[in-house]
Every structure is written in C-alpha cells, then in structure tokens.
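S.K.: Given chain L, work out where chain F should sit, using these hints.
These protein sequence lines map, in sequence, to chains L and F.
So for the first sequence, my numbering puts the first residue at 61; every next one is plus one.
So for the second sequence, my numbering puts the first residue at 61; every next one is plus one.
Keep in mind the hints are simulated off the structure, nothing from the lab.
Quantities reported herein were computed from a predicted structural model and do not represent experimental measurements.
Some clues are possibly wrong.
Since the list can't tell identical chains apart, any single copy or any two copies may satisfy a pair.
Below are the EDC-like pairs computed for lysine to aspartate or glutamate, each with C-alpha atoms no more than 20 angstroms apart in a straight line [what the hints assert, rightly or not]:
no., residue 1, residue 2
1, K265, D374
2, K177, E581
3, K177, E134
4, K381, E415
5, K569, D183
6, K289, D310
7, K119, E502
8, K177, D586
9, K119, D496
10, K170, E581
11, K339, D375
12, K119, E493
13, K119, D499
14, K265, E134
15, K97, D282
16, K97, E385
17, K381, D127
18, K155, E142
Protein chains: 2
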Amino acid sequence: MTTGQHIIGFENSASGTETFHSYNPTTQQNNGYVFFKVTPEEVNAAVEKAATAFQFYRKKSGAEKADFLYAVAEELLNAGDELITVCCEESGLPKARIEGERMRTVNQLKMFAELLKEGSWVDARIDTALPERAPLPRPDIRFMHIAIGPVAVFGASNFPLAFSVAGGDTASALAAGCPVVVKAHPAHPATSALVGKAIKSAAEKTGMPDGVFSLLFDNGIDSGIQLVKHPFIKAVGFTGSYKAGKALFDAAVSRPVPIPVYAEMGSTNPVFILPQAMKERGAQIAAGYSAAVTLGVGQFCTNPGMLIHQNTGDDFPQLLKNEFEKTPGGVMLTPGILNAYNSGVAHHLAIDGVEKFALSPSGNASPDNWATPVLLKTDQSIFSNNPSLSEEVFGPTAMVVPVDSKEAMLDIANNLSGHLTATVHGTADELHEYKDLLDILEQKVGRVIINGFPTGVEVCSAMVHGGPFPSTTDSKTTSVGTAAIYRFTRPVCYQNMPQQMLPVELQDKNTLHIYRLINGENTNKDIN
Amino acid sequence: MTTGQHIIGFENSASGTETFHSYNPTTQQNNGYVFFKVTPEEVNAAVEKAATAFQFYRKKSGAEKADFLYAVAEELLNAGDELITVCCEESGLPKARIEGERMRTVNQLKMFAELLKEGSWVDARIDTALPERAPLPRPDIRFMHIAIGPVAVFGASNFPLAFSVAGGDTASALAAGCPVVVKAHPAHPATSALVGKAIKSAAEKTGMPDGVFSLLFDNGIDSGIQLVKHPFIKAVGFTGSYKAGKALFDAAVSRPVPIPVYAEMGSTNPVFILPQAMKERGAQIAAGYSAAVTLGVGQFCTNPGMLIHQNTGDDFPQLLKNEFEKTPGGVMLTPGILNAYNSGVAHHLAIDGVEKFALSPSGNASPDNWATPVLLKTDQSIFSNNPSLSEEVFGPTAMVVPVDSKEAMLDIANNLSGHLTATVHGTADELHEYKDLLDILEQKVGRVIINGFPTGVEVCSAMVHGGPFPSTTDSKTTSVGTAAIYRFTRPVCYQNMPQQMLPVELQDKNTLHIYRLINGENTNKDIN
Numbered sequence: 061m062t063t064g065q066h067i068i069g070f071e072n073s074a075s076g077t078e079t080f081h082s083y084n085p086t087t088q089q090n091n092g093y094v095f096f097k098v099t100p101e102e103v104n105a106a107v108e109k110a111a112t113a114f115q116f117y118r119k120k121s122g123a124e125k126a127d128f129l130y131a132v133a134e135e136l137l138n139a140g141d142e143l144i145t146v147c148c149e150e151s152g153l154p155k156a157r158i159e160g161e162r163m164r165t166v167n168q169l170k171m172f173a174e175l176l177k178e179g180s181w182v183d184a185r186i187d188t189a190l191p192e193r194a195p196l197p198r199p200d201i202r203f204m205h206i207a208i209g210p211v212a213v214f215g216a217s218n219f220p221l222a223f224s225v226a227g228g229d230t231a232s233a234l235a236a237g238c239p240v241v242v243k244a245h246p247a248h249p250a251t252s253a254l255v256g257k258a259i260k261s262a263a264e265k266t267g268m269p270d271g272v273f274s275l276l277f278d279n280g281i282d283s284g285i286q287l288v289k290h291p292f293i294k295a296v297g298f299t300g301s302y303k304a305g306k307a308l309f310d311a312a313v314s315r316p317v318p319i320p321v322y323a324e325m326g327s328t329n330p331v332f333i334l335p336q337a338m339k340e341r342g343a344q345i346a347a348g349y350s351a352a353v354t355l356g357v358g359q360f361c362t363n364p365g366m367l368i369h370q371n372t373g374d375d376f377p378q379l380l381k382n383e384f385e386k387t388p389g390g391v392m393l394t395p396g397i398l399n400a401y402n403s404g405v406a407h408h409l410a411i412d413g414v415e416k417f418a419l420s421p422s423g424n425a426s427p428d429n430w431a432t433p434v435l436l437k438t439d440q441s442i443f444s445n446n447p448s449l450s451e452e453v454f455g456p457t458a459m460v461v462p463v464d465s466k467e468a469m470l471d472i473a474n475n476l477s478g479h480l481t482a483t484v485h486g487t488a489d490e491l492h493e494y495k496d497l498l499d500i501l502e503q504k505v506g507r508v509i510i511n512g513f514p515t516g517v518e519v520c521s522a523m524v525h526g527g528p529f530p531s532t533t534d535s536k537t538t539s540v541g542t543a544a545i546y547r548f549t550r551p552v553c554y555q556n557m558p559q560q561m562l563p564v565e566l567q568d569k570n571t572l573h574i575y576r577l578i579n580g581e582n583t584n585k586d587i588n
Numbered sequence: 061m062t063t064g065q066h067i068i069g070f071e072n073s074a075s076g077t078e079t080f081h082s083y084n085p086t087t088q089q090n091n092g093y094v095f096f097k098v099t100p101e102e103v104n105a106a107v108e109k110a111a112t113a114f115q116f117y118r119k120k121s122g123a124e125k126a127d128f129l130y131a132v133a134e135e136l137l138n139a140g141d142e143l144i145t146v147c148c149e150e151s152g153l154p155k156a157r158i159e160g161e162r163m164r165t166v167n168q169l170k171m172f173a174e175l176l177k178e179g180s181w182v183d184a185r186i187d188t189a190l191p192e193r194a195p196l197p198r199p200d201i202r203f204m205h206i207a208i209g210p211v212a213v214f215g216a217s218n219f220p221l222a223f224s225v226a227g228g229d230t231a232s233a234l235a236a237g238c239p240v241v242v243k244a245h246p247a248h249p250a251t252s253a254l255v256g257k258a259i260k261s262a263a264e265k266t267g268m269p270d271g272v273f274s275l276l277f278d279n280g281i282d283s284g285i286q287l288v289k290h291p292f293i294k295a296v297g298f299t300g301s302y303k304a305g306k307a308l309f310d311a312a313v314s315r316p317v318p319i320p321v322y323a324e325m326g327s328t329n330p331v332f333i334l335p336q337a338m339k340e341r342g343a344q345i346a347a348g349y350s351a352a353v354t355l356g357v358g359q360f361c362t363n364p365g366m367l368i369h370q371n372t373g374d375d376f377p378q379l380l381k382n383e384f385e386k387t388p389g390g391v392m393l394t395p396g397i398l399n400a401y402n403s404g405v406a407h408h409l410a411i412d413g414v415e416k417f418a419l420s421p422s423g424n425a426s427p428d429n430w431a432t433p434v435l436l437k438t439d440q441s442i443f444s445n446n447p448s449l450s451e452e453v454f455g456p457t458a459m460v461v462p463v464d465s466k467e468a469m470l471d472i473a474n475n476l477s478g479h480l481t482a483t484v485h486g487t488a489d490e491l492h493e494y495k496d497l498l499d500i501l502e503q504k505v506g507r508v509i510i511n512g513f514p515t516g517v518e519v520c521s522a523m524v525h526g527g528p529f530p531s532t533t534d535s536k537t538t539s540v541g542t543a544a545i546y547r548f549t550r551p552v553c554y555q556n557m558p559q560q561m562l563p564v565e566l567q568d569k570n571t572l573h574i575y576r577l578i579n580g581e582n583t584n585k586d587i588n
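Chain L extracted, bound-state conformation (with noise of 0.2 angstroms):
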C-alpha cells in the first residue's frame, strides 16, 4: 500500500539502501510496510525543489493558496478507512480518535484557507506620502507581511495527523506561502506516506509548483539536523520533546545565518484546585482531572500533569484516588515512550516522600507496550526541593501536592518554569480572592483555563498554543490557531512603490477588501 520511498516534490524517490520498518505498537509486531532511509542526497535535492518552488509559490495569491489548503483537506477524506486503519495500527490509538484527529486536520487545513480568502491577516500597514511636510516630506510606505522561504517540519509522535505531515505547522507554512519540507516521524511512517500523497496530489490538482511540498523518512536524527542546518531552509516547527527540540534550536542558532525553530516541547500545566470548588465540586472535578490526565494514555503536550490543592480536610483526595482508580491504561505509541513513561514515574517514586497515590486498575493484567495510569503523591516541602518532580513525564501519570495555604500555592506558582497552559478551579468569589495567582500565572503560561481543563486545544483564531520555554523555544508565538501563520512570514515595506508594482493588497484600490492600518486609521475602504 506504500511504496516506501520519500516524496520529492512531484516523485518519488528511493536512493538509498537502508530500511526500516513501520511497528504496530499493540501486536507488538512490525507492519508489512518498509521505508527506506533518506540520503544526504535527497534531503538536498528536497530543500533544493523547495527553494525553486519558493520563487514560484510566494507569488500564489490567496485565493489560489487557499485552494491548495482545502484541495489536501478533500484528498485527506478521500483516503478513506485506509488512511484511519493504517493510523490506528501504527499508533495503537483508537478509530474514534483518529478519526476525530483527521476532522480537525481538515478543519485546520480549511481555517487558514478561509484565513487567506479573506486576506486581511497580512497586516496591511499604509502611510500615504505627506510631500508638503516640514521640515522633510514624508514618502509613502506601504507594509506587509510576506512569506519567509523553505520551511523544515518535524511530525509529531502524539498527532499522527493534527501535528505531523499536513499538520498545524504545515498547514500554516503553506498559507504563509512557505514550501514545506516535513520529516515523518518513525512512528507513523505509512500514515503519513499516505497523508504526504494526499498533500502532493493536491498540489499537482491546483497547479502548484513541483517542490512545495516534499517528505522525508528516516529513523535516525542526522537527516533532521541536515535539513535544519541547511542554508535554503528558513525556519523549523517541530512538535516532541524537550531534548530533540533543543536540539534543533542549538542546531539552528549556530548556523552562519541563525534561522527561528518553533519547538513546542510539552508541559505539566499545573493545576489549582481552590477551596471553595474544591468543597462544592470536589466530585466533579476529581472525575474531570483524572479523565484528562488518562485520555489518549496521556500522551498529550497539554497533559494536566500536576495538581496542587489545599489541605482542607475534605474528602477530595477520597474521591480523586476513587476517580483515578477507574482510569483505563493503554497502549502507549512506541515501546520508546512506554520506556520513558515507567523511568519518569519511577525516578519519582524513588524520591523519599513520594508516594504512590492511586493506580488504574489496568495495571494488574496490562499486556506489553501498555502504560498504567498513576497518580503520584508528594508533600510541598519535597515537591520544592526537587525541581525534577515538576517534570513532564509523558504519559498517564500526575503530581498530587497538597499544601497548607493560599502563600504556598503562590509560592509554588512563582517557582513555575514556563508551561503550555495554567488551569484554575474556583468558585466566582474565589477567583477574585485568588486574582494573584491567576497573575503570577498568566506570566508562566500562553493559556489560562478556569474551571475546565487544558486538553483539547481549540482550533480557532484566539488560541495560543504555545508558552514560554521549556514549553517552547519562542514564547512569541503559537502552533495552532490562525496567528500560527505569523511564525512564517516576515514585515516588508516598500518606499514610494509606483502603484501597479506593489502587491495587491498594498495599492490604493483595495480589490480584496481587507482591513488596512492606513494613516491610522483602520479601515477596509480604498484610498482616493
């Protein structure tokens, strides 16, 4: 059903002589489909198309990127059960997720096409020529923001769909108007051999130009770094790890010509429980907590890994461990990831003061590759002198520390490295008791949840997916929601620009009908 080989703009390609193999990480067995591994080669001649293409591309206006973006949303549902069949064997998750995944990559991919058709996100800036001025004229300057070049993405093992190869990083590249050189993750080659032709077959449908889009498979990490490393290629997005992102950012600031990586790296995203909620809905939100620290085997960035209540002498701890205790377990991604899963709960456990709190019952008959959700349990003072246990650990897993008063929340909170997200449970009056924490937060964090929980990101032009580092390496910026597109684009202006030369959306007639900063003004008029 694959053929194995990378896709290079419109071919396909197999020159090198290595393989491997893609895992089914519940038989436990490999499947039936065999990659090869990228040469040098072929990483060059990838960002090399990327580079032509790029002249060609960044010219498409919007409406023909757009058509790009929903031409891969429709090839993505014409791949059919095979595409969410094969997805779910290579990932061990289950079709119902995998098939709300491939909805909201096709929701994402149509947002930033409905981004572009509408335009105004190139942030029109225009400052029309004041000639009588004193003591100088003023020329005319007209600004925009424009496509920043080749873009290397790194799919995710989490998202075989939403973060990997027409994922957010890829969907918002192409709308900037940036080819896209993606690596597969080992994890998921076939699906997203199968995603990668869904992507090609919608550039060759719309016209876009041989190179746009290109897909690289290899099991190792030095083809990552030749890709990041390459002169041709401008910025990165990457979704995984703390250490591979790094990586890549050491990679890229140390290039003659330093490029920006847009690593998202994951979270605990600590959770506060105040008391007053605590009191009222201890049940509920006992029962929410351990669902999203379970769903999807945990395996999300925005895992609420930590929670941090007061030691009210009410029965919620009860009903949490009652709650936890009914979690399922599951099968973890890759034996890689269930590795680290038990090494990070045990490296917690062996902290004296430490305790194991509540196990799902799945821990007792769990076959290989699969992860049993457990909540861990630890006091404040152990909790703050070791900063190792405010450390994701991926997976089913949480930090429980009760503590005695609202001073040792806030000193927790003060003590916080930079997280995806921030969530609050309290009562109306104690959210405005409280309004210091949710301040200290707000600083920690690029989203505050109040009375919910942070898994499931919302697709839609407020989010912010992103925080400051270790979550990601660019505080600046967001991987999923429309601003996600900025990542991509740089400010140009253009100084007394005869009118027919600028681009569209910079000349006096505003044919697209977008809004425009023009002398100050914010307006969608043209100018007379």
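M.R.: Showing chain F alone in chain L's frame:
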C-alpha cells in the same frame, strides 16, 4: 552637570571605584565629565528592581503608560539647550542634526503614546463559547498581547538620542509594559545621563514604579553580557556593530532559558541604478547619492554603501565623481570608529582591482578624527570573487560596481546577504522591465525604496527598519515604527475566564473602543 552616577530606579548609585571619561571627538580632549563603571552588584540591583517594578508596571493601563511616555517627551524638551550642547560635544555632530534628532525622539515617544491611547495594538481576538457545538462544545477563548518582562537596551553610538537611552528600543519596550535597563553607550555618557534624568523625572511625576527605568555606565563589555545573561531579563534591544550584536545574540541563545535579541547591526544597503533613469536624471541621482553616502559623516546603518549601475557609456560615472568630490568630510563619533573606517577603506583598496574613484576635498587638510569621504570602484568579477567587498564599512564611503548587463545586476542581487534596505532608481517603464530585480530584493531586505535614498527612516506605522541576517538577528521585527512594540510582547489567551477578571481589552463591553477580531469579524463593537 552630571553626577557620573548610575540611575537605579529612583536612586543614584556609584559603588564602584573605576571611572572613565567622556570624550570630545572634535577637540580630541576629555570632556569634564567623569563616570563610574558599573559594578556587578549594581547591574544586579537594577535588574532586580526592574523585575519588581514589572509586577506593577505591567498592570498600568494604556492611558497611564501613555502619560508616562508623554512626560518623557516633555522632560526631553525641558532638558533644553544643555542637552543639545552636551550631545554635540560628545558626538561631534552639528547642532541642527542633534536638534532634529531630539525632535525625532520626542515624536517617537508620542507615537507610542498615541498607539497606547488608541489601544487596538494588543491584537485582541475573541472566540466566544459555542456550548451547543457537536461533537464538543467550544469554550470561550480570548487572546491579547502582554508584556514579556524586563528588557535590556544598549545605546547606539551613532544616534545619541533617537537610538539610545530614550530611543526606539526604550520607547517601544516601555510602551509594551516592560521595565528597561539601559546600558549607556560610552561614547556619549553625559548625554545619556541627561536623558536618563529626564526619564527618571517623568517616571516619578507620573507615578510609575521604582525600577521601571535604570541607566548604567560602563566603557567595557562585561556588564553588558551580565545584563543579557541575567535570568530576570526577558529580551534585548541593541543597535550597533555586527560583532557586538552577534556576541549578545550568542550569549542570549546559550542561556539556560534563551531570550530574544533584537540586534540591528547595519548593512551595506545596495542601490541599483537602471539605465534609462541614469540617462534621464544621472546628475540628480549622482548628487543625491553622494549626499546620502556622506550625510552625518556616513554614520548611518542605512548608508547606501554599494552602487550598481550598468555601463552604458553615458556620463553618469563622471557626474558621480564630480558630485562626490563636492562632499564634505567630518569628525567621526569616536577615534575607534574613525580607525575602523580607515582600515575598512584600506582593506578594500588593498584588493587588486579596487580603485579610489572619487575623494572628498576635505582630505587635503583634515584635522585629526576627521574622516574623508571616498568612493571606491571595482568591476563585477572582482566584486563577486571578494565577498568582503560587500560588507559594510561604517563611514562616508561606498563601492561602485559598474556591470555589463541586466543579468549581471540580477546576479549581484541574488548573491546579496540580508540588508536593511535596497534601492532602485528607474523610470516607470524600466521598473516593470526589472520586476524580477524587485522580486529578488524584497527577499533580501526589510525596506525597498524606489527613486529615493535609504537614509532618513520615517517613524510611522508602516516602517520596517529591519531585515534578514546579518542586518539584524531577527528578520521578523522592526526597530522603528509602531510594530516595534511586538518585540517585547507575547500572546496569551484566557479560556472561560469570568468577565470581570478579564483584562479590560477582552471584556464583552468594549469600553476602550478598540478594534478586536470577534468570531472572525474585525469590529470595535461590544459583545452582546
């Protein structure tokens, strides 16, 4: 007139023992002003005060921050003739230039104050809840930009007012809501002290927190590296040499928590003269170009240091030589800059095939510290084979490269590294004919100028004073114009936050009347 002391929040400090002198490049004498070198403890004290102040300053309304910036502008005017006199003494620049630069600095502060008062800059985005949506309800999500934290700013040698203590970096960081710790440039410490006093006074008068601004003096580099490496510093603004800017960048990205460095490091700003324009108005272009190269003794990062024209056998070379030989030389900012200028010119002239094409008459009887404008010339093959010839020599010089064809122009354009600006002189018809040249240039620079010169950077909403590396360390930003504020902000979103707990910019009732993106619609209306 100055105490020679550091300004640390609302206090003066001079706990060190080492001192340095302010120098007058015109008289080649030390001025009477003596400054203490900052100690590591003082650097730390300033940053700690900034971090404390941040918790108060970030909560100031747009109107309150605007009042502060207006007050800084007023205090700069109140500094009166003393500021002008001292600045002229320290820089060797003429009075009219410094008066103009003060007005530019004042207007820049007012521009950011107006931006804050209007308020839409926060890019508010609101996606309201869809509780009935299937399969999952959509939560209420609201997005805006918030301040990133304390910022370190490095004053520039060549703009003692507009790019220094109260310059664009400081103004945009303060506008964003970030306290600023400035390291004064050692070439104009007395000027910096007067400006620092004005900012401190404005902060006190408008009720800003102690620590919102500090000013440190040092004629070495250790304190600067200490600032950039300090864990409480969240971003860096810098204007100056490639060497210094790149060193700060390297220090910042190798921190345990990397931070962004916005270093504007200058460029050679190529100018392309197309044949028909050269024929029709060669004299005018020659005069304008000669003036731009030698303006301010060539000490601008937008100095047009590279001129490419086609050999059409007309009299443009002679016109250019005639015009350039009318230009005046001048006293450079520091002996170090003059030395670098002279050795840069000597380096180029040492390359076989590079010749002295035109010399300012000021070379004949120049005093010390005096730079003599010189136009160099070479041919395309020598230019292409010696990449160092396209590097900036800071001062009143430029490299003229006559070429044989349009293709040769395109070839030079394609081989350009990143620059702040590129300029093309052409008739309306030939600009169309050279559309491919313009397409290349917009990928190489932050600003494309038609039939003008790059010196003179308009302070406005549409300006991009930035460009691809090595002209800056972050091509995605600008250091001049209102968009400069986003260097010091990051987006955050609030999910299901109660109305009254939201920042005022994001509440249903739009009391600030700002433009917001509400469910995809750009509007300044309330949410009902």
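S.K.: Confirm or reject each hint.
M.R.: Results of checking the hints against the structure:
1. With identical chains, the CA atoms of K265 and D374 are never at most 20 angstroms apart, being 63 angstroms at best within one copy and 51 angstroms at best between copies.
2. Taking the shortest Cα distances, K177 and E581 sit within 20 angstroms of each other only across copies (14 angstroms), while inside one copy they are farther apart (22 angstroms).
3. Taking the shortest alpha-carbon separations for K177 and E134, only the intra-copy value of 17 angstroms comes in at or below 20 angstroms, while the best inter-copy value is 46 angstroms.
4. In the homo-oligomer, the alpha carbons of K381 and E415 lie at most 20 angstroms apart inside one protomer (13 angstroms), although the nearest pairing across protomers, at 83 angstroms, exceeds that limit.
5. In this assembly of identical chains, K569 and D183 lie within 20 angstroms of each other by CA distance solely inside one copy; the values are 16 angstroms within and 25 angstroms between copies.
6. With identical chains, the CA atoms of K289 and D310 are at most 20 angstroms apart both within one copy (10 angstroms) and between copies (17 angstroms).
7. With identical chains, the CA atoms of K119 and E502 are at most 20 angstroms apart between copies only, with a shortest distance of 12 angstroms across copies and 39 angstroms within one.
8. In this assembly of identical chains, K177 and D586 lie within 20 angstroms of each other by CA distance solely inside one copy; the values are 18 angstroms within and 26 angstroms between copies.
9. For the identical chains of this complex, K119 and D496 are inter-copy neighbours only, at 12 angstroms across copies versus 49 angstroms inside a copy, given an alpha-carbon limit of 20 angstroms.
10. In this homomeric assembly, K170 and E581 come within 20 angstroms of each other (Cα to Cα) only across copies, at 17 angstroms, whereas the closest approach inside a single copy is 30 angstroms.
11. For a Cα distance limit of 20 angstroms, the shortest separation of K339 from D375 inside one copy, 8 angstroms, qualifies, whereas the shortest one across copies, 89 angstroms, does not.
12. Taking identical chains as interchangeable, the C-alpha atoms of K119 and E493 lie at most 20 angstroms apart only when they sit on different chains, with a minimum of 17 angstroms there against 53 angstroms within one chain.
13. When the C-alpha separation of K119 and D499 is checked against a cutoff of 20 angstroms, the pair qualifies only between copies, where the shortest distance is 10 angstroms, while the shortest distance within a copy is 44 angstroms.
14. In this assembly of identical chains, the alpha carbons of K265 and E134 lie at most 20 angstroms apart only when taken from the same copy (11 angstroms versus 61 angstroms across copies).
15. Taking CA atoms no more than 20 angstroms apart as the test, K97 paired with D282 passes inside one copy only; the shortest distance there is 11 angstroms, against 47 angstroms between copies.
16. Taking the closest pair of Cα atoms, K97 and E385 never come within 20 angstroms of each other, the shortest separation being 43 angstroms inside a single copy and 63 angstroms across copies.
17. For a Cα distance limit of 20 angstroms, the shortest separation of K381 from D127 qualifies neither inside one copy, at 51 angstroms, nor across copies, at 54 angstroms.
18. Taking CA atoms no more than 20 angstroms apart as the test, K155 paired with E142 passes inside one copy only; the shortest distance there is 12 angstroms, against 76 angstroms between copies.
Going down the numbered hints, you'll see the structure goes against 1, 16, 17, while the others check out.
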